[in-house]
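Asks: Build out the structure end to end from the sequences listed, making use of the hints.
Now for the letters of each chain:
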Amino acid sequence: MEQETILNVHDLSVTLEGNAILNNLSFFIKKGDVLAIVGPNGAGKSVLFRTLLGLFPYEGSIVWGQKLKINYIPQKFYIDKDLPLTIREFMEFKNHDLEKIVHALISVGISEDTQDGHIEHFIREHLLNKRLSLSSGGQLQRILIAWSILDNPDVLLFDEPTSGIDIGGEETIYNLIEKLRVERNMTVLLISHDLNIVYKYANNVICLNKKMICFGRPNLVLDPTALSQLYGGDVSFYKHEHAHE
Amino acid sequence: MTAVLIGIGAGYLGAFMILRRMSLVGDALSHVALPGIAIALLLNINPFIGASFALVVAIIGVAVLERKTTLPSETLIGIFFTLSLALGLILTPQPDLLEALFGDITKVSNADLYLTAFSVLIMLLIIPRITKGLVLGVISKDLTRSLGIKINTINFIFLLLVSIVVALGLKVAGTLLMGSLVIIPAAAAKNLSNSLSSYSLWAMLFGAVSSLAGILLSLYIGFTPGPIIVLVSGVIFLITLFFKSENN
Numbered sequence: 001m002e003q004e005t006i007l008n009v010h011d012l013s014v015t016l017e018g019n020a021i022l023n024n025l026s027f028f029i030k031k032g033d034v035l036a037i038v039g040p041n042g043a044g045k046s047v048l049f050r051t052l053l054g055l056f057p058y059e060g061s062i063v064w065g066q067k068l069k070i071n072y073i074p075q076k077f078y079i080d081k082d083l084p085l086t087i088r089e090f091m092e093f094k095n096h097d098l099e100k101i102v103h104a105l106i107s108v109g110i111s112e113d114t115q116d117g118h119i120e121h122f123i124r125e126h127l128l129n130k131r132l133s134l135s136s137g138g139q140l141q142r143i144l145i146a147w148s149i150l151d152n153p154d155v156l157l158f159d160e161p162t163s164g165i166d167i168g169g170e171e172t173i174y175n176l177i178e179k180l181r182v183e184r185n186m187t188v189l190l191i192s193h194d195l196n197i198v199y200k201y202a203n204n205v206i207c208l209n210k211k212m213i214c215f216g217r218p219n220l221v222l223d224p225t226a227l228s229q230l231y232g233g234d235v236s237f238y239k240h241e242h243a244h245e
Numbered sequence: 246m247t248a249v250l251i252g253i254g255a256g257y258l259g260a261f262m263i264l265r266r267m268s269l270v271g272d273a274l275s276h277v278a279l280p281g282i283a284i285a286l287l288l289n290i291n292p293f294i295g296a297s298f299a300l301v302v303a304i305i306g307v308a309v310l311e312r313k314t315t316l317p318s319e320t321l322i323g324i325f326f327t328l329s330l331a332l333g334l335i336l337t338p339q340p341d342l343l344e345a346l347f348g349d350i351t352k353v354s355n356a357d358l359y360l361t362a363f364s365v366l367i368m369l370l371i372i373p374r375i376t377k378g379l380v381l382g383v384i385s386k387d388l389t390r391s392l393g394i395k396i397n398t399i400n401f402i403f404l405l406l407v408s409i410v411v412a413l414g415l416k417v418a419g420t421l422l423m424g425s426l427v428i429i430p431a432a433a434a435k436n437l438s439n440s441l442s443s444y445s446l447w448a449m450l451f452g453a454v455s456s457l458a459g460i461l462l463s464l465y466i467g468f469t470p471g472p473i474i475v476l477v478s479g480v481i482f483l484i485t486l487f488f489k490s491e492n493n
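Each protein sequence line maps, in turn, to chains A and B.
Numbering-wise (our numbering), the first sequence opens with residue 1 and increments by one.
Numbering-wise (our numbering), the second sequence opens with residue 246 and increments by one.
In short, the hints are calculated from the structure, not lab data.
Here are the simulated lysine to any residue pairs, SDA-like style, with alpha carbons at most 20 Å apart:
1) LYS200/A / ASN175/A
2) LYS69/A / ILE394/B
3) LYS313/B / GLY18/A
4) LYS377/B / SER443/B
5) LYS386/B / GLY54/A
6) LYS179/A / HIS103/A
7) LYS211/A / LEU230/A
8) LYS81/A / LYS489/B
9) LYS489/B / LEU134/A
10) LYS210/A / GLN229/A
11) LYS81/A / PHE487/B
12) LYS130/A / LEU446/B
13) LYS386/B / VAL47/A
14) LYS76/A / SER385/B
15) LYS76/A / GLY393/B
16) LYS313/B / VAL301/B
Replies: Right, here's the structure in full:
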């Protein structure tokens, strides 16, 4: 069955302080899609996200489906080492229901401990009272994801979900996002620099370098021409070498 | 009593000022109050009104200049606020200068007490409502905006509250020292706290204790309370610093 379109963008342009950042983008997203946005630094990927969230003025049209809860995880966070804010207080900015908080933290796999009783005890008695600033990169990322799913969003926007995480952790974060997407029937937009991730998890991709260079299924549109237009020079070696079913 | 209430209000607001890296704003704002006080004295009206007026003009002025120029707000505050101190020093009538600079709690009236109690109550009601925006705004502005929180509005309300507490506190600590009463108790509280709730509570408590102990001490040794209050809060800060290094 054909899924409903939940976002339709037509002829979108964004100009900030006299500089054209995005030019004439048109694309759509269907419910349950994973749309990846790739492109070099300064291509306007983060600006596109913020524009979709209504934080920047734009020309053209952005039409979201009705009654959608859209959540966003930005790329940069400034959490001072001394910031007196516990993980519980941070979660409560979103939702005061302790049961939901514990459940969300369990579902992002905050602890390796698989025994249900133990993990609940660990979260309630230790983790929630810990300072947010004392979390490691990977743990913080999971906490942010838990935070973002607390109010059951329909759409998640992740800006480089893996920056600041080591390679091993990177794959797991994408697995987690994919797991949550399936469990909660969410639509995911993500910005990524890693084309392998795009091939593995996304069913649509936008190649962006101020204007749209490609849009479609990754294995169809990410050809050497598009990649060299995107990153410049001969980058056909970037093409993934492992097989896919 | 008035001083204790101001200590509570100043400590609470100071807690958020430190989080938002605005420590020096309180100091700068208290300087701006001086020309306001001076003009009020010259016109023979209540100095609190003059000070509040000057502060409101100052925060609106900085907000406007920040949008119209590319100068960072620290630079604006640095220029704007020292200029007003200079202007205030020239304008303030000599006999009142010492009181304006360092405060004199013995001149606080009942009306001042009621005004202070009312204002601090308002603060205690408003701050919890904007806490989420204030704290998330420090962590990520984009995230905060994506939740539909209007950061600029919240900042403005916050600065307005800071101006009120500074204006109220001028009688206690004076234009030169009021900034410290906002910042030091909160800085001490941060040394001891893991959570936002304990941080705000300690900040209020330290603000109140500094004011009370400072006044009692100043009565005992017969010196102007303002500097003593600030010194007491400084001692509290040093003590908490010791606990902080133990925690780490």
